[in-house]
Amino acid sequence: MSDIKFTIDGKECTAKSGQTIVEAAKANGIYIPVLCHFDGLKPAGTCRICTVKTGGRFMAGCTTPVAEGMRIDNMTPEIEDMRKQIIEMLFVEGNHMCPVCEKSGNCELQALAYRYKMMVPRFPFLWPKREVVANAPKLYLDKNRCVQCLRCVREIITTDGKNVFAVKERGGKTTINMDEKLAAGLSDDMAMRAMDICPVGCIIRKEVGYKVPIGQRKFDSKPIGSEIEGR
Amino acid sequence: MGRKITIEPVTRVEGHGKVTIQLDDAGNVAQSRLHIVEFRGFERFVQGRPYWEAPVLVQRLCGICPVSHHLAAAKALDVIVGAGTGDGLTPVGEKMRRLMHYGQMFQSHALHFFHLASPDLLFGADGDPAIRNVIGVALEHKDLAVQGVMMRKFGQEIIRATAGKKIHGTGGIPGGINKNLSIAERDEFLKGADPLNIDKMIEWSQAAVDFFKGYHAQNKDYIDNFSVFPSSHLSLVRKDGAMDFYHGVIRCIDADGNKLLDDIDYQDYYKHIGEEVKSWSYMKFPYLRKLGMENGWYTVGPLARCNTADFIPTPLAQKEFEIFKAYTNGKPNHMSMHMHWARLIELLHSAEVIKDLLNDPDLQKDNLVVKGTKQKEGVGLLEAPRGTLFHHYRINDNDQIEMANLIVSTTNNNEPMNRGVNFVAKDIFTGKKEITEGMMNRVEMVIRAYDPCLSCATHALGQMPMELTLVDSNGEIIDQMRK
Numbered sequence: 001m002s003d004i005k006f007t008i009d010g011k012e013c014t015a016k017s018g019q020t021i022v023e024a025a026k027a028n029g030i031y032i033p034v035l036c037h038f039d040g041l042k043p044a045g046t047c048r049i050c051t052v053k054t055g056g057r058f059m060a061g062c063t064t065p066v067a068e069g070m071r072i073d074n075m076t077p078e079i080e081d082m083r084k085q086i087i088e089m090l091f092v093e094g095n096h097m098c099p100v101c102e103k104s105g106n107c108e109l110q111a112l113a114y115r116y117k118m119m120v121p122r123f124p125f126l127w128p129k130r131e132v133v134a135n136a137p138k139l140y141l142d143k144n145r146c147v148q149c150l151r152c153v154r155e156i157i158t159t160d161g162k163n164v165f166a167v168k169e170r171g172g173k174t175t176i177n178m179d180e181k182l183a184a185g186l187s188d189d190m191a192m193r194a195m196d197i198c199p200v201g202c203i204i205r206k207e208v209g210y211k212v213p214i215g216q217r218k219f220d221s222k223p224i225g226s227e228i229e230g231r
Numbered sequence: 001m002g003r004k005i006t007i008e009p010v011t012r013v014e015g016h017g018k019v020t021i022q023l024d025d026a027g028n029v030a031q032s033r034l035h036i037v038e039f040r041g042f043e044r045f046v047q048g049r050p051y052w053e054a055p056v057l058v059q060r061l062c063g064i065c066p067v068s069h070h071l072a073a074a075k076a077l078d079v080i081v082g083a084g085t086g087d088g089l090t091p092v093g094e095k096m097r098r099l100m101h102y103g104q105m106f107q108s109h110a111l112h113f114f115h116l117a118s119p120d121l122l123f124g125a126d127g128d129p130a131i132r133n134v135i136g137v138a139l140e141h142k143d144l145a146v147q148g149v150m151m152r153k154f155g156q157e158i159i160r161a162t163a164g165k166k167i168h169g170t171g172g173i174p175g176g177i178n179k180n181l182s183i184a185e186r187d188e189f190l191k192g193a194d195p196l197n198i199d200k201m202i203e204w205s206q207a208a209v210d211f212f213k214g215y216h217a218q219n220k221d222y223i224d225n226f227s228v229f230p231s232s233h234l235s236l237v238r239k240d241g242a243m244d245f246y247h248g249v250i251r252c253i254d255a256d257g258n259k260l261l262d263d264i265d266y267q268d269y270y271k272h273i274g275e276e277v278k279s280w281s282y283m284k285f286p287y288l289r290k291l292g293m294e295n296g297w298y299t300v301g302p303l304a305r306c307n308t309a310d311f312i313p314t315p316l317a318q319k320e321f322e323i324f325k326a327y328t329n330g331k332p333n334h335m336s337m338h339m340h341w342a343r344l345i346e347l348l349h350s351a352e353v354i355k356d357l358l359n360d361p362d363l364q365k366d367n368l369v370v371k372g373t374k375q376k377e378g379v380g381l382l383e384a385p386r387g388t389l390f391h392h393y394r395i396n397d398n399d400q401i402e403m404a405n406l407i408v409s410t411t412n413n414n415e416p417m418n419r420g421v422n423f424v425a426k427d428i429f430t431g432k433k434e435i436t437e438g439m440m441n442r443v444e445m446v447i448r449a450y451d452p453c454l455s456c457a458t459h460a461l462g463q464m465p466m467e468l469t470l471v472d473s474n475g476e477i478i479d480q481m482r483k
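As you go down the protein sequences, you meet chains A and B in turn.
The opening residue of the first sequence carries number 1 in our numbering; numbering runs sequentially from there.
The opening residue of the second sequence carries number 1 in our numbering; numbering runs sequentially from there.
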């Protein structure tokens, strides 16, 4: 595969053919925020936090392949504000109580809110009534915190190929549901994987909460994105 | 014509409340009440949450001593995860929690004495309200103000090192703690630059006790006779009768010092303590079941602890404790203003305990958590700065909390505070036609002596306004003053 030449915010970059904009940016030390995307998973393009502008159009960076000569806008005030709006909408659309959430400090949504300096959302809180599913032995599903990224749907699959998590309904009624019998059969490692891959505090491995002290959590000392930008 | 006096807001206390005093046609106090006027409902909305969330969630009741709620909940959950009834943790687990708790006692007591109570002593009950506050203390008694700020900072740093944050940390988890104390953290407290080291904190604590004793010697009549009324006193004490803020058994003595309850395992607290609801306050009224609702009320807090404990297990505080006890010939002390004295002895004791813990190598060990056979129900008690704190949880088969009962320190003091208000009201309002600011402040002072946290007590939120309203015997408002 030959190298592709393109620019992000005027900086000349190279990429391998077939890489998405998010992957290519990362390889060039440029951070494009992601929430639904997870390295190694097939892109879903559900959250749109990775929105960039190229050829005059807004595109999802996680699903759009980079192309020769592409001129990509990433950190313009317009795009950054759109991203901030998306973060704010995710906060008001669910019930995110960071002060008591055990994912606090490891939560990508919270980390993005800090990165984008979200103080108070510009949108009204919706305070939806959401279900909590607690009857699986290892996992606790708190739908108040779900951002419908579909990471769990794509990643948590039983050894015989069955999805443990699945989408129910459509549009504003969409929820992520857990097959409690399949969840009960997950290995300890796979149950922990389900919690770790969830970018927020929706999927919780039971009885491990708060074991990592403040100061040693993922984003306590390294803001989200710094692992790419600091390279 | 009768009058009703309403004091709202009550100032220099934590939370929001008001006082009403009903005067009859002859100008005598017919009725007085401390009303707690806001509501939050933590016991309800914790239901359905996973049990391990409780120490972090319920501590949000308060920003003053959240560590108390954090650790009381953690102790209750120790029982639920099978780690024993409060004393089954590993040495590092228990001692880190103790360090966190004594750090909090230290900062909270320092805050109360220097920031909230000292203005009344330094400027007098009738002092100019414009300077009778912490700013006035800072301007006219700079050394005391600096000590207050630095002592509070020291305590808060202890909390940060043990809980992860100064306010609303996560250190206590069911069955133990999530971190130990590094050598570097320890040495910051043992050898920190002056004044932020434990030796200076002990020195300043001793000086605070001496300050109070000096003030007392000059103002005996005022300190000894302001709101004195007989009360039962309740607290945890260590099995051997020592003062212990973190763990122990329930002891309650009557006004003469006879033991009403002794060596009671707090898992059975509900067999001995009931709670009454009254229509005019969001704060419940706990009582000893064996004495009933009318006579079963009791006092908690520093004065109660100094009355119930047989001794204090650190040398400097024990020396002060002996002087304190000798003042009433070993009998229970019922003088409201002596709560400040008791609180400062506890401040000194906390500093001494912190030093002992910092020198304990167990704090650097790594076996942080213990678990055993899971239980469905657990109770956690400890002595918070303002008194005995009860947390009680029951969980379902899915690890969700289905019942929570909290009896918060200030709730225990509900009836004594009401009696204190009544005592002072009768003393200063009877037959008086004009209300002065100093008279209102005296009512606040008796409430303030309890260092009440009204936010916690109702599990309520807000500022602490005070309003005085005069109504006649028909309930018509005659006069009203707000602060």
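The set of hints was computed from the structure by calculation and includes no laboratory data.
One or more of the hints may lead you astray.
[Unchecked claim] Covered stretches of chain A, as calculated for chain B (at least 3 residues, CB under 8 Å): (1) 70-79; (2) 115-121; (3) 170-179.
[Claimed, not checked] Far from chain B, some chain A residues (derived; all Cβ distances over 10 Å): (4) D39; (5) G40; (6) Q85; (7) N163; (8) K211; (9) F219; (10) E227; (11) E229.
Heads up, the beta-carbon is just placed ideally off N, CA and C, and yes, glycines get one too.
Each hint tested on the structure:
no. : hint    : result
1   : 70-79   : violated (count 0)
2   : 115-121 : violated (count 0)
3   : 170-179 : violated (count 0)
4   : D39     : holds, 29 Å
5   : G40     : holds, 29 Å
6   : Q85     : holds, 29 Å
7   : N163    : holds, 23 Å
8   : K211    : violated, 5 Å
9   : F219    : holds, 14 Å
10  : E227    : holds, 22 Å
11  : E229    : holds, 27 Å
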